[in-house]
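With the hints as constraints, model all of the structure from the sequences given.
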Amino acid sequence: MLPVLEDLPDPSGKRVLLRADFNVPIEDGRISDDMRIRAALPTIQWLQDQGATVTACTHLGRPKGKPDPAYSVQPVRERLHELAPGVELLDNLRFDPGEEGNDPAFVDRLVDGQDLYVNDAFGACHRAHASIVGPPTRLPSAAGRLLAKEVEVLGGLIDNPKRPFVAVLGGAKVSDKLGVIKALL
Numbered sequence: 013m014l015p016v017l018e019d020l021p022d023p024s025g026k027r028v029l030l031r032a033d034f035n036v037p038i039e040d041g042r043i044s045d046d047m048r049i050r051a052a053l054p055t056i057q058w059l060q061d062q063g064a065t066v067t068a069c070t071h072l073g074r075p076k077g078k079p080d081p082a083y084s085v086q087p088v089r090e091r092l093h094e095l096a097p098g099v100e101l102l103d104n105l106r107f108d109p110g111e112e113g114n115d116p117a118f119v120d121r122l123v124d125g126q127d128l129y130v131n132d133a134f135g136a137c138h139r140a141h142a143s144i145v146g147p148p149t150r151l152p153s154a155a156g157r158l159l160a161k162e163v164e165v166l167g168g169l170i171d172n173p174k175r176p177f178v179a180v181l182g183g184a185k186v187s188d189k190l191g192v193i194k195a196l197l
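Using our numbering, the letters of the sequence shown correspond one by one to residues 13 to 197.
Since the hints were derived computationally from the structure, they do not count as laboratory data.
Honestly, I wouldn't trust all of these hints.
Only pairs whose alpha carbons sit at most 20 Å apart, straight line, appear in this in silico EDC-like list of lysine to aspartate or glutamate [claimed, not checked]:
(1) K185 to E164
(2) K76 to E100
(3) K26 to E164
(4) K161 to D40
(5) K174 to E162
(6) K76 to D103
(7) K76 to D46
(8) K78 to D103
(9) K189 to D171
(10) K189 to E164
(11) K26 to D115
(12) K78 to E112
(13) K174 to E164
(14) K78 to D120
(15) K161 to D171
(16) K76 to E162
(17) K78 to D115
(18) K161 to D19
Here it is in structure tokens:
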């Protein structure tokens with residue numbers, strides 16, 4: 013069973029690393045759709061209501077393992093501060109080659125000073141990246157509200173689908189969707 017927020021040790025007074033999916037469209041330095049940021053708010057709000065300090069991390073685009081101003085999370089950070097004051101947002105995870113390379117030293121830096129880990133980045137869960145697979149091996153971990161809901165819905169489609177059903181898949185890379193298509197078939 014997937015551990016959820018309520019399964020975490022008491023988060024009061026704890027520092028929580030939240031892996032979010034804030035890979036939002038940015039045009040001319042402005043976010044054109046903040047839906048992914050707003051989708052993380054129930055998880056953030058629950059953690060803050062429990063007395064936790066939240067540090068979020070995300071990827072943005074494909075900067076190829078080095079800092080690139082075109083993929084700066086600054087617009088995301090500003091919007092996040094408007095929607096969820098007090099939440100810190102780390103720099104773009106993919107600025108460091110350790111993220112996509114699943115480097116244990118990068119994981120060490122991510123979890124340094126953190127007490128708990130919450131994953132709410134459903135769209136990135138299939139990747140063996142440091143921020144996804146590393147922290148759960150070192151910290152008590154759980155799925156955030158968004159990730160838990162996605163798993164619940166997909167589980168229902170696979171385990172007990174109401175027929176007929178239609179699946180609409182989106183995204184830039186078809187190769188990433190082949191496994192999902194096969195499972196749904």
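Now the hints, each set against the structure:
1. At most 20 Å may separate the alpha-carbon atoms for a hinted pair to count; K185 and E164 exceed this at roughly 24 Å.
2. Proximity of K76 to E100 is assessed by CA-CA distance (about 24 Å); at most 20 Å being required, the pair is judged violated.
3. Among the hinted pairs, K26 with E164 is inconsistent with the structure: their alpha-carbon atoms are about 27 Å apart, more than 20 Å.
4. With a C-alpha separation of about 33 Å, the suggested pair K161 and D40 falls outside the 20 Å cut-off, and the hint is violated.
5. Between K174 and E162 the alpha-carbon distance is near 17 Å, which keeps this suggested pair within the 20 Å criterion.
6. Using a Cα cut-off of 20 Å, the hinted pair K76 and D103 holds, with the two alpha carbons roughly 14 Å apart.
7. The straight-line distance between the Cα atoms of K76 and D46 is roughly 24 Å, outside the 20 Å bound, and the hint therefore fails.
8. This hinted pair checks out: K78 and D103 have alpha carbons roughly 11 Å apart, not beyond 20 Å.
9. As the CA atoms of K189 and D171 are separated by approximately 19 Å, the hinted pair is consistent with the 20 Å bound.
10. Taking the CA atoms of K189 and E164, the gap is near 18 Å; set against the 20 Å cutoff, the hint holds.
11. Our distance criterion of 20 Å between C-alpha atoms is broken by K26 and D115, whose separation comes to about 25 Å.
12. Distance check on the hinted pair: K78 and E112 sit about 11 Å apart at the alpha-carbon level, within 20 Å; holds.
13. About 14 Å separates the Cα atoms of K174 and E164, which keeps this hinted pair within 20 Å; it holds.
14. A C-alpha spacing of about 19 Å is found between K78 and D120, which places the hinted pair at or below 20 Å, so the restraint holds.
15. Of the pairs offered as hints, the one joining K161 and D171 holds, with about 15 Å between alpha carbons and a cut-off of 20 Å not exceeded.
16. Simply put, K76 and E162 have alpha-carbon atoms about 28 Å apart, too far for the 20 Å limit, and the pair is violated.
17. Note on K78 and D115: the hinted pairing holds, with a Cα-Cα distance of about 15 Å set against a maximum of 20 Å.
18. A distance of roughly 15 Å separates the Cα atoms of K161 and D19; the hinted pair therefore holds under the 20 Å criterion.
Hints 1, 2, 3, 4, 7, 11 and 16, counting from the list given before, are not met by this structure.
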